[in-house]
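Chemist: Spelled out, the chains give:
There are 4 protein chains.
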Amino acid sequence: MKAVVYRGAYKVAIEEVPDPAIEEPSDAVVRITTTNICGSDLHMYEGRTAVEEGKVLGHENMGIVEQVGEGVRHVKVGDRVSVPFNIACGTCRNCQQGWTSFCLTMNPTEGVDGAAYGYANMGPYNGGQAEYLRVPVADFNLLELPPGDEFEQDFTMLSDIFPTGWHGAELAGVVPGDSVVVYGAGPVGLMAAHSALIKGARRVFVVDKEADRLSLAAKFGAEPIDFSKGDAVEQLMDANGGPVDRGIEAVGYQAHDHSGQEHPELVLDNLVKSVRSTGGIGVVGVYVPEDPQAATKQAKEGRIGWDYGTFFTKGLSMGTGQAPVKRYNRQLRDLIVAGRATPSLLVSHQLSLSEAVSGYEHFDKRDDGWTKVLLHPAA
Amino acid sequence: MKAVVYRGAYKVAIEEVPDPAIEEPSDAVVRITTTNICGSDLHMYEGRTAVEEGKVLGHENMGIVEQVGEGVRHVKVGDRVSVPFNIACGTCRNCQQGWTSFCLTMNPTEGVDGAAYGYANMGPYNGGQAEYLRVPVADFNLLELPPGDEFEQDFTMLSDIFPTGWHGAELAGVVPGDSVVVYGAGPVGLMAAHSALIKGARRVFVVDKEADRLSLAAKFGAEPIDFSKGDAVEQLMDANGGPVDRGIEAVGYQAHDHSGQEHPELVLDNLVKSVRSTGGIGVVGVYVPEDPQAATKQAKEGRIGWDYGTFFTKGLSMGTGQAPVKRYNRQLRDLIVAGRATPSLLVSHQLSLSEAVSGYEHFDKRDDGWTKVLLHPAA
Amino acid sequence: MKAVVYRGAYKVAIEEVPDPAIEEPSDAVVRITTTNICGSDLHMYEGRTAVEEGKVLGHENMGIVEQVGEGVRHVKVGDRVSVPFNIACGTCRNCQQGWTSFCLTMNPTEGVDGAAYGYANMGPYNGGQAEYLRVPVADFNLLELPPGDEFEQDFTMLSDIFPTGWHGAELAGVVPGDSVVVYGAGPVGLMAAHSALIKGARRVFVVDKEADRLSLAAKFGAEPIDFSKGDAVEQLMDANGGPVDRGIEAVGYQAHDHSGQEHPELVLDNLVKSVRSTGGIGVVGVYVPEDPQAATKQAKEGRIGWDYGTFFTKGLSMGTGQAPVKRYNRQLRDLIVAGRATPSLLVSHQLSLSEAVSGYEHFDKRDDGWTKVLLHPAA
Amino acid sequence: MKAVVYRGAYKVAIEEVPDPAIEEPSDAVVRITTTNICGSDLHMYEGRTAVEEGKVLGHENMGIVEQVGEGVRHVKVGDRVSVPFNIACGTCRNCQQGWTSFCLTMNPTEGVDGAAYGYANMGPYNGGQAEYLRVPVADFNLLELPPGDEFEQDFTMLSDIFPTGWHGAELAGVVPGDSVVVYGAGPVGLMAAHSALIKGARRVFVVDKEADRLSLAAKFGAEPIDFSKGDAVEQLMDANGGPVDRGIEAVGYQAHDHSGQEHPELVLDNLVKSVRSTGGIGVVGVYVPEDPQAATKQAKEGRIGWDYGTFFTKGLSMGTGQAPVKRYNRQLRDLIVAGRATPSLLVSHQLSLSEAVSGYEHFDKRDDGWTKVLLHPAA
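Chains as they are written, first to last, in my numbering: chain A, 1 to 379; chain B, 1 to 379; chain C, 1 to 379; chain D, 1 to 379.
Pairs count within a copy or across copies, as identical chains cannot be separated in the list.
Within a straight-line C-alpha distance of at most 30 Å, the following computed DSSO-like cross-link-like pairs (lysine-lysine) qualify: (1) K273 - K229; (2) K209 - K11; (3) K229 - K365; (4) K300 - K365; (5) K297 - K365; (6) K273 - K300; (7) K209 - K365; (8) K300 - K11; (9) K273 - K209; (10) K365 - K11; (11) K273 - K297; (12) K229 - K219; (13) K209 - K229.
Source of the hints: derived by calculation from the structure; they are not laboratory data.
Using the sequences and the hints, build the whole thing.
Modeler: Put into C-alpha cells, the structure is as follows:
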C-alpha cells in the first residue's frame with residue numbers, strides 16, 4: 001500500500017510499504033478514509049524528535065473496518081470507525097480509570113506510559129497516513145460511527161484534536177457561566193474554545209497573532225485577542241473587566257514572543273496573570289522532559305522557570321497531559337450528530353495521499369490559511 | 001491586655017496593649033484559651049517578611065466568646081469556639097464557593113485575596129497570641145465547639161494546621177486505597193499524613209530528616225523515610241514497590257537538601273519523580289512571589305525552575321494554596337469528638353504567654369522535640 | 001403600601017398594609033420593581049395549603065435596595081438586586097454546604113428545614129407581591145445585578161424558576177452530550193430544558209399537552225412531545241431511538257393523565273421507563289408529606305406507589321427538593337448578561353399590582369397563553 | 001466435575017457436570033479455590049425466582065487460572081484471581097463508564113442490562129460453586145491477586161459483598177466525618193458498615209434484630225441497634241442526637257417488621273425518617289419489578305408505597321442498584337493487603353463442596369451464627 005514515510009528532518013515521502021495484517025486475535029485492520037496532519041507531526045517533521053526513519057506517520061485516523069481478528073467480539077467488518085490516537089490495552093489500572101493516554105502496557109519504551117500510532121517514543125506502531133492501519137485491541141479502542149459518509153470532516157476531529165481541546169477545558173475545570181482564556185489559536189486551541197462554549201462558558205477569549213486563526217476563533221463564537229497588537233494580558237483584562245475564571249494552554253514549549261524569540265515560560269506566566277485566584281489551568285500544549293535544541297541549559301532538561309510563587313499565592317490548580325480520547329469521543333460524536341458541535345469549521349485543505357508532501361511543507365511554514373489539512377488515501 | 005508583639009528580626013516581646021473591642025456590629029471578641037505558634041510565624045520572626053513592628057502575632061486561636069456586636073445573630077457570649085486563621089466576609093464569590101482563604105473583600109492589600117490574623121500582607125488584623133482577639137463577621141467565621149475543656153489540645157489544631165494538612169490531601173486527590181507520600185514532617189506534614197489515613201489511604205510515607213518528627217509520623221500510622229540516610233525517592237520506590245498515587249508538599253520554598261543548602265525546586269522535583277503518571281500533587285508548603293533573600297535571581301522573583309517537562313509528560317495535576325479552613329473544620333471537629341482523629345499527638349510544649357519569647361527561640365532553632373508549641377494566655 | 005394579600009380559597013386582594021421596616025441589623029428593605037406569580041402560588045390560591053389569611057404572597061422578587069440595617073456590610077442603598085426565594089442564615093451547616101433551601105435556623109416551623117417569602121409553612125415572612133419587601137440577612141441573601149433596567153424580564157427569573165429548572169438538570173446529573181426528557185412544560189419545566197441545553201445536552205425532549213407551552217419549548221430549542229396525541233414514553237422512544245440519559249420531573253403530585261384524572265405516580269412511572277439503566281432523575285416538581293384532598297388514603301399521607309422495583313433494577317438514581325437558588329444565581333446572571341441565556345422568552349404578561357387579582361384568575365385557569373405573569377408594583 | 005446444581009424450591013444437589021471449556025478466544029477457565037453462598041442465592045433456593053433447574057449456582061468466586069483462550073493478552077495460567085459477579089464486555093457505553101453491573105451486551109435476556117454467573121435472569125452463565133468456572137472476556141473481568149494463599153478469606157469477599165457494601169456507601173454519598181445508618185446486618189450490611197468506616201465516617205449505626213449479626217457489627221467498629229427492643233428510628237435519634245447524614249439500605253423487598261410480617265416499604269420509610277434534610281440514601285438491598293408471591297397487588301408489580309412526599313420535602317437523594325464490582329475491587333484488594341480492611345471477620349463457616357447442601361439449609365434458616373459460608377471445592 002501507499003503511505004507517508006518519515007525520511008529525516010524536513011523529509012517525508014509517499015512510499016509503497018507492506019499492507020498491515022492481523023497480528024493478534026484482538027486486532028483489526030482499518031481502511032483509512034480520512035487522516036489528518038497534526039501540529040505535533042511537525043515536531044517530528046522538523047527533526048526535533050528521535051523518531052526512526054521509515055516510520056509511517058499519522059495518528060489522526062478514521063475509516064472502515066476491513067478485517068478483524070478472531071478475538072474481536074464487537075467490531076464488525078464494514079463498520080465505520082474513529083481511531084483514537086492513544087493505543088490502550090483496556091485492562092491496566094490507568095485504562096480502567098479512564099486514562100487511556102497513559103496505558104501501562106502497550107508501550108515498551110522504558111519509562112513512558114501511553115502509546116500512539118506513528119509517533120516518536122510512543123511505541124512500535126505505524127501511523128495511518130496510509131491506505132490501511134492495524135489497530136490493536138480493536139474492541140476497546142475503536143469508536144463506532146454512523147454508516148455512510150456524513151459528517152466525515154467533523155468525525156475526523158474525534159481521533160485527537162477535538163477530544164484534546166475538550167480535555168484542556170476539563171483540566172481547567174470549566175463549568176457553565178465561566179469566563180475562559182485559551183492561549184494559542186491552532187487547531188487544538190480552537191477546539192478548546194469550541195469545547196468551552198459547548199460546556200456553557202459565558203465568554204471565551206483566544207490569544208494568537210495569526211489573523212486567519214483569530215478569525216476562525218470568532219467563527220466559533222470566541223473573542224480573539226491579537227498579541228501582536230499589544231500585551232495579551234492587558235488586552236484580556238480590559239476586555240473581560242479583570243481576570244478570567246479558567247485558562248487553557250494550547251501552545252507548548254515552543255512558545256514565541258511577538259518578536260519571534262522562543263520563551264518556554266511565556267504562556268505559563270501569562271496564564272498565572274490571566275486567571276483569578278482559586279481558578280484552574282488546563283495544559284494540553286506539549287512540554288517535554290528533554291529538548292536538546294532548547295536555548296538554555298534549564299530548558300534542555302525540561303525545566304521551565306515560570307512564576308510559581310504567584311501560582312501558589314493565588315491558590316491556582318493545574319492539570320496537564322495528553323488527552324484520553326476514549327473518555328470523550330462518544331459524547332462528542334453524539335454532539336456532532338445532533339448538530340451542536342461543528343469542528344469541521346477549521347478544515348482548510350483536503351488532499352490526496354500523493355499531495356501529502358506538499359501539505360507538510362505548507363503546514364509547517366504556517367502558510368496563510370493552512371489551518372488544518374485532511375488526507376483522503378482513497379482519493 | 002498582654003500580647004506577643006513583633007519587634008523586628010528575631011525579636012518578639014510580651015507587651016501590654018489595648019484590649020480589642022467590638023468595632024462593627026458583626027464582630028465578636030474572644031477570650032483566648034489556647035493559641036499556637038505556627039511554623040509560618042517563623043517567616044516573620046526571622047525577618048523574612050514585610051510585617052510591621054508592633055503587630056500582635058498569632059493566627060491559630062481558640063477560646064470563649066466574651067462579647068458580641070449587635071448584628072451577631074448566632075454566636076452567643078460564653079460559646080467555646082475555634083477561630084479559623086482566614087478572615088472571610090461570607091458574601092463575596094470566593095467565600096460563597098467555599099474559598100474563604102481567598103476572600104475578595106477583607107484584605108485591603110492591593111492584589112492579595114485573603115485575610116488573616118497577625119500576619120504579613122494579610123490585612124490590618126492583630127493576632128491572638130494575646131488574652132483577647134477581635135473576630136470580624138463572627139457568625140460566619142467562628143466554629144462552635146462543645147462546652148467545657150475536653151479535647152482542648154485537639155481542637156486547637158482546627159484553626160489552621162489540621163485543615164491545612166487535610167487540604168493538602170484534598171488537593172492531591174487522595175481517595176481510599178491510595179498510596180501517598182508527604183514531603184515534610186513538620187506539623188502540617190504530619191497533619192497531612194493523619195488526614196490521608198483518615199480518608200482511607202492504604203499507605204502513607206513521610207519524608208524528613210529529623211528523628212523526632214519521623215517518630216511522630218510513625219505514631220500517626222505513617223511510614224517514615226529519613227532522607228539523611230539516602231536518596232528520598234529511591235527509598236520511597238523501594239518501600240512502595242514503585243511510584244505512589246499522590247504526593248503532598250509540606251515544606252515550601254525554603255527546602256534544604258541534606259547538606260543544608262536551600263533548593264526551592266528540590267521538593268517539587270522529588271514529587272514529580274515520586275508520583276505515578278496521572279497522579280495528583282497537593283501543595284500546602286508556602287511559595288512566595290518575591291523573596292529578596294533568595295539565592296538566585298529567578299528565585300528572588302518567585303520563579304522556580306522545576307522539572308515541568310516530566311510533570312506534563314506524566315499527565316500530573318497539582319493544586320496549591322492556603323487552606324479554606326471553614327470548608328473542613330466542622331467535619332474534623334466531629335471526627336475528634338468521635339475519637340477518630342487525634343491531632344494532639346503532635347503537641348510537644350504548653351507554655352504561658354509570658355514564656356512565649358523562649359518558645360519562639362526554641363521552635364525557631366528546631367530544638368530537638370520542639371514540634372508544636374501551645375500558649376495558654378490565662379495560665 | 002399596597003400588597004397582594006391571601007384571603008381564602010380562590011381569593012386574593014390588593015390591600016393597604018404597613019410598610020416593612022428594618023427589624024434586625026442584618027436586614028434590608030427592597031423596593032420591588034418586578035415580582036412574578038409562581039405556579040406554586042396556585043397551591044395556596046386553590047386553598048390546598050394551610051397558609052394563614054392576611055399573608056402577603058410572592059416569593060419571586062427583585063428590585064432596588066431602599067434601606068439597610070446597621071450590620072449590613074456589603075449591600076448598599078440603591079443596589080439593584082435579585083432576592084432568592086429561600087431565606088437563609090448563611091451560618092448553619094446546610095447553608096455552609098450550599099443548601100440554602102434547607103436552612104436550619106430561619107424557619108421556626110417544627111420539622112421544616114428552609115424558609116421562604118409569602119409561603120405556607122415556610123416561616124413568618126411576608127412576600128414581595130407588594131411595593132416593598134423586608135429581606136433578612138441581606139448580605140448573604142441578595143444577589144447584586146448590573147444597575148439600570150436592562151434584562152429586567154430575564155433577571156426576574158433568577159429568584160426562583162431559572163435556578164429551580166437548573167437544579168432539576170443538576171439533580172438529574174446532566175452532562176454535555178446527554179439526551180434528556182423533561183416532564184412538564186410549565187415555567188419550571190421550560191427553564192429545566194433551557195438549562196440542560198446550556199449545559200451541553202445534545203437533545204432535550206419536553207412532554208406536555210398544552211400547545212402554547214409546547215411551542216415555547218421548541219423556541220428554547222427543545223423537542224416537544226404532546227401526550228394528548230399518544231403515549232408519552234412511546235413517542236419519546238421513537239424520537240430518541242431508545243431511552244434517554246436523564247429525566248427531569250417538573251410536574252409534581254398533582255399530575256393528571258390525558259383524561260384529566262389526578263395520578264401522583266404517573267410521572268415517576270414514566271420517568272422510570274424513559275431513562276436508561278444507570279441514568280439519573282431530578283425531581284423539582286413538588287410532592288408533599290400530607291395532602292388531605294388527595295384521592296387515596298396512601299396519597300393523603302404522601303405515599304406514592306410508583307414502580308420502585310424497576311427503578312432499582314435499572315440502577316437509577318434520583319435527587320429531589322427545593323432549589324438552593326444562591327448556588328446558581330450568580331452564574332445564571334452572568335450567562336444572561338453574556339447573551340447565552342434568555343429566560344424572558346417565557347414571559348407572557350406584564351401587569352401592574354392592581355391587575356394582580358385578574359392575573360391570578362387567568363393563570364390559575366391555565367388560560368391559553370398565560371405562561372408567566374410579571375407584576376410591576378411601581379407601574 | 002462436581003458442582004452445586006439447582007433442582008427446584010429448597011433443593012440443591014451436588015452433581016457431576018461437564019467441565020467448562022474455552023468457548024471464545026477471550027475466555028479463561030478458573031479452578032475455584034473459594035466460592036461463597038450469597039444471601040441472594042437464597043431467593044433462588046426458596047423458589048422465588050424463575051431460575052431454570054439444572055443451573056450451577058454461585059457468583060462469588062475466586063481461584064487459579066487454569067486455561068486461557070488465544071485472544072487473552074494479559075491474564076496468565078497460574079494467576080490467582082478474583083472473579084467479579086458481574087460479567088461485562090468492557091466495550092459498551094455502560095462498561096466504558098464504569099457501570100459493569102449494567103453491561104449492555106452480555107445478557108441476552110430482553111430488557112435486562114447486566115449479566116452474572118449462576119443467577120436468575122442474568123444470562124446463560126453457569127456459576128462457580130463447582131470445581132471450575134468459565135470466565136468470558138477474562139482480561140477485562142478478572143482481578144489479579146498476589147500469589148499464594150494469604151488473605152484467601154478476605155479476598156473471597158471481593159467478588160461481591162465487599163464491593164456491594166462499598167457501593168452502598170458510595171451511593172449514599174458518605175464522606176469523612178459523616179454519621180451513617182445501615183439497615184440490615186447481613187453480610188452486605190456489615191460490609192457497608194466496614195466500608196463507611198474505612199471512608200472516614202465518624203459514627204456508623206447498624207440496625208437488625210439478630211444478636212449474632214449485631215455483635216459482628218460491633219466487631220467492625222459500628223454501633224448496633226436492636227429493633228426487637230424498640231423503635232429503630234427512635235433508638236437511632238437518641239444515640240446520634242438527631243438524624244444521621246447518610247443511610248444505607250441492605251435489606252431489600254423482603255423486609256420484615258419485628259413481628260415477622262413482610263413490609264416492603266418499611267426500611268425505605270425508616271430511612272426517610274433517619275436521614276437529615278439534604279442527605280443521601282444508598283440502596284443495595286434488592287427490589288424487584290415483579291414479585292408474584294408478594295402480599296399486595298401493588299407489591300406484586302414492584303410498586304412500593306413509601307413516604308415519597310417527605311423524601312422530596314427533605315431534599316433527599318437516592319442511588320440504587322447492583323454494584324459495579326470492578327470499579328472498587330482493586331482498591332479494596334490493596335486495602336486488604338495493607339491490613340486496613342478485614343472483611344474475613346464475618347466468615348462463620350468453611351465447608352467442602354459436598355457439604356454445600358447442608359450449608360444452604362442452615363444459611364437459609366438463618367441458624368444462629370451462620371453468617372457467611374465459604375465453600376472450598378478442592379477440600
